[in-house]
Structure formats: C-alpha cells, structure tokens
Amino acid sequence: MPAGIKIADLNFSYSPNKRVLKSVSLEIDPGEKFGIIGPSGSGKSTLLLHLNGVLAGETGSVTIGNIPVTGKNLPEVRRLVGLVFQNPDDQLFNPTVEEDVAFGPLNFGMPAAEVRARVAEALAMMNLSGFEREISHHLSLGERKRVALATVLSMKPEVLAFDEPFSNLDPSMVMQLMEIMGSMESTQVIVSQSVLPVIAICNRMAILKDGEIVAIGEPRTLVKERSLMKASGLDLSLYRTLCSDL
Amino acid sequence: MRHAFIDKYSHLDSPVHRLDPRVKIITSLAAIIIITTEPVSGRLLNLYLYSAITLAITGLCRIPARYLLKRMLIVSPFILMAALFYPISVMPAHEVSFISDRRPLAEAGLSVFLKASLALLILILLSATERFHRLLMALRRLKVPAIVTTISALLYRYIFLLADEMIRTARARESRTPGVLRRGRLKVYGNQVAVIFLRSWERSQVIYKSMLSRGFAGEFPDMQEMRLRSSDILLSLLFVALLLLIKFLI
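Residue numbers (my numbering), protein chains in the order written: chain V, 1 to 246; chain E, 1001 to 1250.
These are computed hints drawn from the structure, not numbers from a lab. Mixed in with the good hints, there may be bad ones.
[Unchecked claim] Just a few of them, taken from the derived set where beta-carbon distance is under 7 Å, the chain E residues facing chain V:
1) 1157
2) 1206
3) 1221
All residues carry an ideal CB built from backbone N, CA and C; glycine is no exception.
With the hints as extra help, turn the sequences into a complete structure.
Now the structure itself:
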C-alpha cells in the first residue's frame, strides 16, 4: 500500500537572508501522481529533498504515511521514499550496475540473498536484465536513467520522488519513462520544468514560485489559466502555437 | 568520451587473474619490500633474477606488452632521474669530480633503476589483473580504513567525469579562441581549473545527498564474495619464498 504525504507550513533557507521555501503546505494522497512545476530556482528540488529527510525544514513538518520525517525516523523514511535525481551520474557512484542497485538494500541491512533477488527484480522492471556486471558510467544516458530508477526501486519505496526526470531525454525516451512511471503503483511526486509530461501523467499538480505554492489543482485545468501560468514563468503559448500548427 | 581504465585487462583469464585479490595485494607488497630493500651496490645478480621471475609472471598474465610499457613510460622519467642522480647524491660533494672508476656508480644507478621499475611493474600487474572495485573490497577486508577505500572508489568513479568536464570546458574555450591563445593565458587556464573545482564541489554535494537518500551511513556496503583458496596461499608463499631464497642465499 503506497503512503501519502503531508507537508505542513514548511520553511527552509540555505542562507539567513534568502528563504527558499515559504510556508509550503501540501497533502498528497496514497498512490497519487503529483506534479510540482515551476521555473528554475523556485525551490522544487529543495522541496523534494525534504521528503527523504536529506534536508530538514527550519519550521513546519513533513509526514510520510504516519511517520514524521525527523532525525530519529530517517532510516525508515529513507526506505519509504526513493529519490531519483536529475542527473543519473549523481546517483550511480558504484563501479557496476549491480552494486549501484544493491547499494540501498544493503545499507538497510538486508541479507545478500534478498538483495540479489531485489536487484534482479528492479533491473527486470527497467528492462535491464543482464546488465548486472556492466560498468555504470559506460552506459548510454537512457540506460543510466533507467539504472538510476532501478537503484531506487530495489528499496521497494512507497513514495517515488523524481527530480526533473525528463530533462536531457529525447522524445522516445520521455515516452518510455512515462510508460514506466504510469505502470507503477507507488505514490509519485514529479518535480519538473517539462510541463507537458507532467500534465499527461499526474492526477494533480502544484505550481511553485519563489518558494511558495501559488496554485494546486488538476493539471489540465491549471494550464488553461494562461495568466497564472505566465505569471509563474511557465508560459505555454509557444506549445499552443506549435500544437495548432502540427 | 572513452577513457583508459587501469583495470582494462582484468577480464582476461590467467593464473594471476584467478588469485584472490587479498593474496595478490599481500604478495605484491611482500615482493616490493624484498626487492626494494636490496642494497644498491653489489647485488645486481639478485636483481636480474627478480627481473626474470617478474617477467615470467608478466608473461603468464597475458596482458599486452604495449599496454604495460605505456603505463611504465608515464613514470619512467622519474625513475631515470633517480637512477642518474642517486649514486652521485650519496657521495661527498668534493669527490664527485675526481671519480676514476665509474663502474660502481653505473651499477648503483642500474640497481636503482631495476628496483624502481620492478616495483612499478608489480603494481601495474596488480591493478591490471583485478577489477579496481575488487581491489578496494580486498583492501577493506584487509582492514584498510573505510574512509580510504571509499574515497578511492569515488575518485575512480568520478575522475573520468571530471576529465570529461575538463575536455568540455577546453572545447568551449577553444571555440571562442581564434588561433593560439595569446593574452592572459594563465588567467584563462586558472579560471578553467577553478570552474572545474567548483563544479566538482557542487557535484560532490549532490552525490552525497544521493548517497544519504539511500541510507548511506559512512561505509560502502559489500556484497562481493571472496573465497580464499589454499592453492592461492600456497602459490603466494612459494613466490615469496623464492624471492627470499634469492635475497638471503645468493
């Protein structure tokens, strides 16, 4: 059963003078696919890092299922929430694919036999069976992206948090990734500047601007509010023109 | 972009490749100590015998000689410098210009050259006959501190990415440099290196977050199986015994 997410009045700053997240509050239902869009520098990735406890808010709270994200609960929270980073090279730091995919489960103290089974299962889900002994940084970008996702799936997380999953991917790879994401039952939080895939995948989405949530709603409804999108730095008029031409 | 990996030939099959990495590390270390502690004068025969044994083992490894020579060439200027200047450096300064018999000096130089080259060749064979991460795992099992093996693993993983970034920034510079860079060359190169350092630092932050998010608690987990066979230990002992026999009985 996937876990839901509750973020209440979350505030965070990297330096005293600049607040990156300002009173962010969100509720994401179990199994929901939730998009967070916004221009670069709006605090999307920072918000994502709070779900896994990599960053801790100055005030406010984050709860995954029934578990508050606190220092005491970090091991459990990190097992529940899998973070998929934007650049797979930041996520694949082991020499072989197998070791990268096994990294999470081993850190959580699982026995070797179970870890091997999980590695095989996660790689099969990503159509990467037989890649176990491959050297991670010899793979193509698309393969590395899929391995990066497998490294998280091997932990069987109840929440999957994607940071810019569609960046640097060609259209066919975007389609492939969307199919994979669509087939998974876990709760998904997708942070992206690529608005179109988010519209296609997500049940709901939020618009983040300057660290504040300015709107939450159904993606297709929100993107029709042209003034809101434009004011949030997400002007889609180019897409509209192109789509009507195509 | 393609890079030359130090464990490029680790997939080959040979008696040396099949040895347990822990045995290889300990045997290599023992061989290097035995060889390099030979006196610099009067023991050339021993060094010739060590060379013959090491070359025989090199042949067993089936690693192309060209690859080994290329690796050795990188360090050879330092070895040559040491071989040339060591014999003179240990003599009193006022005697240097009055040397009549140059033979002992040449022998000492050759001895330094052979010892350093053999030690280097043994290290190259060690790294070329085993996957790098297996060597690190073996070091970890030999109780080398986790911080050392973790840093080495990350360095080996990311040094190629840094090299790629270096190449990309160099291309960006060249694309905006008509002909040879004439003015402020040092400043431009300095800026380029600074940018690489900053990017590396930023990347290290993200990688660390990525590691934390998957439960990293300070040490790389290990699921490699290593089985120490009695035949590995026996071969290693025979090799070391042979070297000791040469050292003490010849």
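Would you pick out the hints that fail for this structure and give their numbers low to high? Checked against the structure, no hint fails, so every one of them is satisfied.
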